[in-house]
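Trainee: With the hints as a guide, bring the two chains together.
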Amino acid sequence: MARFRIAWVVLVSLAAGLLTFGSAQSAQQQTLVIGGDWTDLITLDPGVAYEFSSTPIDDNIYQRLVQFDGTDLSKVVPGLASSWDIASTADGGTTITFHLKDAKFSTGRPVTAQDVVWSFDRVIQINGPSAFLFTDVAGMKVGSTKALDDKTVQLTLPKGVNPQIILNMLTFNIGGVMDATEVQKHIDGNDYGQKWLNDHSAGSGPYMLDRWDRGSQVVLTANPEYPNPPSIKRVILRYMQESNAQRAAITSGEIDVAYNFTPDAFNQAATDPNLKTIKTDSFRMQYLGMNSGPGAPFADNRVRDAVRYAIDQQGIINDLLGGLGRPMQTIIPYGLMGADTTQYYTYDLEKAKQLMAEAGKSGGMTVEFLVATGACGGGVPCADLAAKIQSDLAKIGITTNIKQTTSAQLYTIYRQQAAQLVLAEWSPDYPDPNGNASPLADYNAKSLAWRNVWNDAEGTKLATEAATSTDPAQRKALYAQLTKYVAQNGPYAILYQPYVPIVTTAKVQGFARSAQGDVDYAAISKLP
Amino acid sequence: MLSFLLRRLGYLIFVVWGVGFAAFFISHIVPADPAAAALGSNARPAQIEAYRHKYGLDLPAYQQYLRYMVDLFRGDLGNSLRTQRPILSDLKDFFPATFELTLGAMVFAVLFGLPFGVIAALYQDRPLDLIVRTLALVGGATPVYWLAILALELFHSRLGWLPGPGELNPYLIEPHRITGMMVVDAALAGEWQVFWSALRHLIMPAAVLGAFSTALLARMVRSAMLEVLSQDYVRTARAKGLAGRVVTFKHALRNAALPVLTVMGSLLGSLLTGAVLTETIFSWPGIGSYATSSAIGLDFPAVMGVTLVAGLAYSLINLLVDVLYAVFDPRITYA
Chain A
1 MARFRIAWVV LVSLAAGLLT FGSAQSAQQQ TLVIGGDWTD LITLDPGVAY EFSSTPIDDN
61 IYQRLVQFDG TDLSKVVPGL ASSWDIASTA DGGTTITFHL KDAKFSTGRP VTAQDVVWSF
121 DRVIQINGPS AFLFTDVAGM KVGSTKALDD KTVQLTLPKG VNPQIILNML TFNIGGVMDA
181 TEVQKHIDGN DYGQKWLNDH SAGSGPYMLD RWDRGSQVVL TANPEYPNPP SIKRVILRYM
241 QESNAQRAAI TSGEIDVAYN FTPDAFNQAA TDPNLKTIKT DSFRMQYLGM NSGPGAPFAD
301 NRVRDAVRYA IDQQGIINDL LGGLGRPMQT IIPYGLMGAD TTQYYTYDLE KAKQLMAEAG
361 KSGGMTVEFL VATGACGGGV PCADLAAKIQ SDLAKIGITT NIKQTTSAQL YTIYRQQAAQ
421 LVLAEWSPDY PDPNGNASPL ADYNAKSLAW RNVWNDAEGT KLATEAATST DPAQRKALYA
481 QLTKYVAQNG PYAILYQPYV PIVTTAKVQG FARSAQGDVD YAAISKLP
Chain B
1 MLSFLLRRLG YLIFVVWGVG FAAFFISHIV PADPAAAALG SNARPAQIEA YRHKYGLDLP
61 AYQQYLRYMV DLFRGDLGNS LRTQRPILSD LKDFFPATFE LTLGAMVFAV LFGLPFGVIA
121 ALYQDRPLDL IVRTLALVGG ATPVYWLAIL ALELFHSRLG WLPGPGELNP YLIEPHRITG
181 MMVVDAALAG EWQVFWSALR HLIMPAAVLG AFSTALLARM VRSAMLEVLS QDYVRTARAK
241 GLAGRVVTFK HALRNAALPV LTVMGSLLGS LLTGAVLTET IFSWPGIGSY ATSSAIGLDF
301 PAVMGVTLVA GLAYSLINLL VDVLYAVFDP RITYA
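In the order they appear, the protein sequences are chains A and B.
Residue numbers for the first sequence follow the working numbering, beginning at 1 and rising by one.
Residue numbers for the second sequence follow the working numbering, beginning at 1 and rising by one.
Next up, chain B with everything else stripped away, as it sits in the complex (with noise of 0.2 Å):
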């Protein structure tokens, strides 16, 4: 397990690079110079020779990459070129609010889409297996950006049952940042009125975010239970007297849990890329956010960070999955 694992994290690093690799230069094939950006368009030549040569943007591109490759083993990122800050610390200043809003989707995503798959299989071919199937082809099927407006003009406008867009009621004063999740924040200050209102903040973008994932973990569910429910030692169990409840929960579910695993995993990649559209509309402060602001302002070094820690999250759970697979299944080992 120790050799698999240093193994994979050695893999690690070629996949980060590659993907670093990859982001600088699509970046800089693109044909728009961030000083135009940075400057605005009343910029006159002059500021814009100065503003390119502070940041070496006057470089060739391959310069300007060794540049970067060596300040990047310092663990140096850069500085943003629109927000002038280190990008380490904006990076640490967006990611939480990104990771409590995937957190939180991915919650709701089992919540609703684990009993949802057993309640389909369970009753295969009857009403209530076509309701959810109906539920998760729709769930799949619509643009996240259409649902997130819908669901705001619905749940916020219309009904009121849901605090409108950002991670708080302006009207109260944040909690001190320890973690950046401003849910885990408020609660660790004790601060329940804040802490009840950040929580009602994130259930709509969650959801909207989550919905994606709840029809698929569904269908996932569904047709795993499908397939173990047919199997001779759940027939043998029940044949055993054993009580439905738990054929379905001891013996099904744990062994349909498996390829649901692997969908969870690269679920949750695709949340983190999800997050970029969710986050703008309902004014999100996370990395999607930024990634929008920061692409819009061409604003290189930027959108590299957050490339590269979009790839090594999203390799690292990839890991993580390959790891939980021994866990939940004796059967496979690494070597």
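Next comes chain A alone, as it looks inside the complex (with noise of 0.2 Å):
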């Protein structure tokens, strides 16, 4: 009889750890970790948050009037309106008016006009780091969003602004619609909600924000108000630093996806059944600036010219990226309307002597360069990327001394314009060539024109010209002039347009990464 006992109590426990391994075995399927470097996190808070982690977390968890179709940027879709219709004001200015569709947020409460105006404003009132996207680029102010009644709300744009700019600028996270509702209910004194926004969400999208343990992840669980019940449940950010952290635990299955593999590590995951590897898109573009104000290296553009001729691209993209990066060499890269892809400059060193010489050069010349610490796009290491660039540059008679600084300390030089050489790197604010277009071309964005001292008048002619055109065609034409005029007279030497590379486990199905960074969780499932 005991025998008998022992032998059910040993069936029994053994059908019961059966169980929990069951659930223990779908809780994983529904769990999708990923691994990065997400030190760059300073809030989830959409009207504040202007990091490259904070965006693609955000956009899960807030949903804009209007987002991309995808990962294909060129296309604005529905988001919480359903549609909307551009008119022109008596003054010259325009109104977007968007009509809103049914959604709930994830506390339950209905969405409606009222907290799309109370976001909007919020930004506009916090002033954060990226509220001049709305100040400034869209020229709004507090009342500029106006609520017509519960499902419509009015966009009014003052003259020159392209209505088209900002429809593209509102699927950023700024746009993101939150609960005004719950968060005036945990306003701090004058903070707005922001504290409580750091351990709490308030959004209608997808996720929302379970908890964030700072330095250690920050885990998304599904919002159960949300229509369509993604297949995953639960989405971990593991804080992991080291490439090779990240290696070793997606080999073992601890992580599902990772982001920051080196081009060397990602070949080699390409070789291994159980992983997958995806070049993802990315607006990044890798450049050397030249400081070309009066009396200064590259004041000649001849000089410039050399340089971008004496520059080995597919070198640095065979060998150095591993094949992790595109060769471009106009501001405006692939995947933005008005993308050049045009290769003005062939690998030629006899020309750029020549032009050396032409400008009185053919003695040589020393100049300081400036490198950041760490890793440049596509994961190569910005020091290897350098030495690369200086001994391309020694075949023309240029000494560049390498001075090799955080990246902090690079960008205090840099924009005081005392750099003369830069290796750096740039994304636009906003999906749009005039992101990258006003910067680069126009000396008075006090941006990268203005930091490499580059004052020309047909650049923030063209550049304006393109912003405030409201002719898709027109505009085109005018990018495609600003963007030759540019690579052949600009102060830049663009290197290579990175891919970034991800590597997911081969279990982890429908991940899609687009340039802009954005990851829609809800898109991915897991097989068993």
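Hints are supplied without guarantee of correctness; some may be wrong.
Unchecked claim - Below are the DSSO-like pairs computed for lysine-lysine, each with C-alpha atoms no more than 30 Å apart in a straight line: (1) K54(B) with K185(A); (2) K195(A) with K54(B); (3) K446(A) with K54(B); (4) K195(A) with K92(B); (5) K54(B) with K141(A); (6) K185(A) with K92(B).
To be verified - Label pairs and their calculated CB-CB ranges: (7) A46(B) with Y334(A): 29 to 39 Å; (8) E458(A) with G75(B): 56 to 66 Å; (9) G189(A) with Y11(B): 36 to 46 Å; (10) N190(A) with A46(B): 54 to 64 Å; (11) S157(B) with K395(A): 34 to 44 Å; (12) T468(A) with G75(B): 48 to 58 Å; (13) P229(A) with L159(B): 31 to 41 Å; (14) K185(A) with A326(B): 52 to 62 Å; (15) F14(B) with K233(A): 49 to 59 Å; (16) F21(B) with S525(A): 48 to 58 Å.
If you are wondering where the hints come from, they were derived from the structure by calculation, not from laboratory data.
All values derive from a computational prediction rather than experimental measurement.
Note that CB positions come from ideal geometry on N, CA and C, so glycine has one too.
Mentor: Set out below in structure tokens:
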């Protein structure tokens, strides 16, 4: 009898073990763990967040009025708004009128026009790092957004602001709509609910913020009010700065997706049947900035041209990046409207030397070369890239003294117009060609053209005309002129447009990352 | 003893003040702008000006220092520029993980360093001693970041014996936060699956971090033991016919403990600093990772906060060692 009882106990506990094992299995299948370097995360408040890591997370929590069509960033499609009309106003400005769909916040409250107004005005009132998109680029003020009724919102834009650019901009997390009633309940003093939003969320997207253990993980859970429940119920973003750590963790299945593989490790992973490698697009571009101010080393465009001929682009992409980049020579990259992928320069040392001689620099010159520590676009260490450029330029008599600093230090010097030659990276603030054209070509925008002291009337004129033109065909034509002009006259030698290497386990299905960095977690599923 | 303690605690204030003063001015000599770090590469000049003004970064250094000190005396370490939260709550979030890791490393060091040292001393100049001494040399000379990557590759990726980076298997739900130390919290909550996973996650980083201390401890114990073993009273004890075990552990080891204790004190301090590299590689959410990202982000108030806490911890540990002296050696008294 006793023996029988023991057998019974063993059987029951085995069954219980199997059951818990089964549920652990399905919990694994419904959980997506992404390993990456999220140390730039400051806040997940959509009205304030302006970091590479925060935008993709916020996009899954907060819906915007409009959004891009998956990874196709040339097409704006309905988000919270089912449709919108653009009309001109008497004083030369425009209005965009949005008609809202029926949607619910994770709190259960319906999304109303008043929530949109409150969310947009809040951005302007807080005046955080991203607020300039509303105030400077869109010319918006408190009161520019009005609720015409519960389901209709009207945005009034001043003269000279292109509504097409603004629609593209509103896809960004700054256009995220939050539950005004909920956030207002948690306002502390003058903080507009910012403190509460550090650990909570109030959006209508497929996920909500569950917890954020700083330095360790961000956990999102599925929003029960979202109409189409996603297959992944829990998304965990684990902080893993080291690419070695990520490699170790994905091989053992502790993470499903890794964000920071080096080119070598990425190409090695491509041969592993348990892993999938995805080269995702980005709008980033790696470039050399050349100080073109009067008396500066690169004041003469012939010297800048010589540099552009002397850079071995293909060598960089093949040998250093292991293929994780595309050749790019203009300021509007693949994926943006008006992208110009023409190769204006071919690797030609003779031509470069001849240009140096014409500029009276046949005796060579010496410049200081500012380089950041850490990885450059495509995951290659900036130091390696700089060494390659150093050797390329040495061939035409330009001696570069590499000065490596943290990127914060580099940008401090660069912003004071005090860099002679700088290796840097750029990506647009919003996915519209103007996000590059104005900062890179218009000196008055006080951005890259300014930092490189390239004050060029033609560049400024073309950039301004293209920004204000509302006729898409005309805009495109203007950008074609501008990209060619800046490629041949500007203060840049653009090196390449990097891919962002992503590695997932073979079980992960439907992972896609847009050039902006957005990932729709709800579209992902995992095989058992 | 009491007056000694009070005097030492008085000195402590000066030590911490000195550390803070040095950290403040070093961080302000760095030719980089925190605003540039916080706002990213695309920020426009007007934004940067506004930011500098908002956080008082446009004031002269001495005024910033005065402001900082006034706040400090009120117990306010300021807000982090990067996380936008009070530094104190950041430290509270990050410190327990480091404490847990450091404690783990210490346990590892004592568990292996002590017996290895004793064995080496007992078998002086014989093969066992040679092995221990070689291991101690290698352990003491290996850079921790290299060892970390190597251990991760071998024990995690290749052999699969130990889990990878992080504090816990991501599929498990973290226990309710009580002490902030994952292993302890899991045990308190009675969640044994979580406890087991957290413990396994702790082993490799603790061993890597503790490797140097283990090596040093083994060497210290060895030389201290050798010295004690040649003393007259040990010979007397042996002559009395006491068992070898009793002589070794009761007479010799206890007397060798004093120099070892000193080393352990300073080791604990160095473990705190070693944690910076170990934590970064093992994705350990402790003060080391926090210090690294704060330093890279030029988050001065956060760097100051970490420096002060590390300085305070170091001083307190030294004080504790001095007090323990008296406990272990009745000949030492403090007046």
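Trainee: With reference to the structure, classify each hint as holding or not holding.
Mentor: For each hint, the structure was consulted:
{"no.": "1", "hint": "K54(B) with K185(A)", "verdict": "26 Å, holds"}
{"no.": "2", "hint": "K195(A) with K54(B)", "verdict": "18 Å, holds"}
{"no.": "3", "hint": "K446(A) with K54(B)", "verdict": "21 Å, holds"}
{"no.": "4", "hint": "K195(A) with K92(B)", "verdict": "17 Å, holds"}
{"no.": "5", "hint": "K54(B) with K141(A)", "verdict": "21 Å, holds"}
{"no.": "6", "hint": "K185(A) with K92(B)", "verdict": "27 Å, holds"}
{"no.": "7", "hint": "A46(B) with Y334(A): 29 to 39 Å", "verdict": "31 Å, holds"}
{"no.": "8", "hint": "E458(A) with G75(B): 56 to 66 Å", "verdict": "59 Å, holds"}
{"no.": "9", "hint": "G189(A) with Y11(B): 36 to 46 Å", "verdict": "40 Å, holds"}
{"no.": "10", "hint": "N190(A) with A46(B): 54 to 64 Å", "verdict": "22 Å, violated"}
{"no.": "11", "hint": "S157(B) with K395(A): 34 to 44 Å", "verdict": "41 Å, holds"}
{"no.": "12", "hint": "T468(A) with G75(B): 48 to 58 Å", "verdict": "54 Å, holds"}
{"no.": "13", "hint": "P229(A) with L159(B): 31 to 41 Å", "verdict": "40 Å, holds"}
{"no.": "14", "hint": "K185(A) with A326(B): 52 to 62 Å", "verdict": "57 Å, holds"}
{"no.": "15", "hint": "F14(B) with K233(A): 49 to 59 Å", "verdict": "55 Å, holds"}
{"no.": "16", "hint": "F21(B) with S525(A): 48 to 58 Å", "verdict": "56 Å, holds"}
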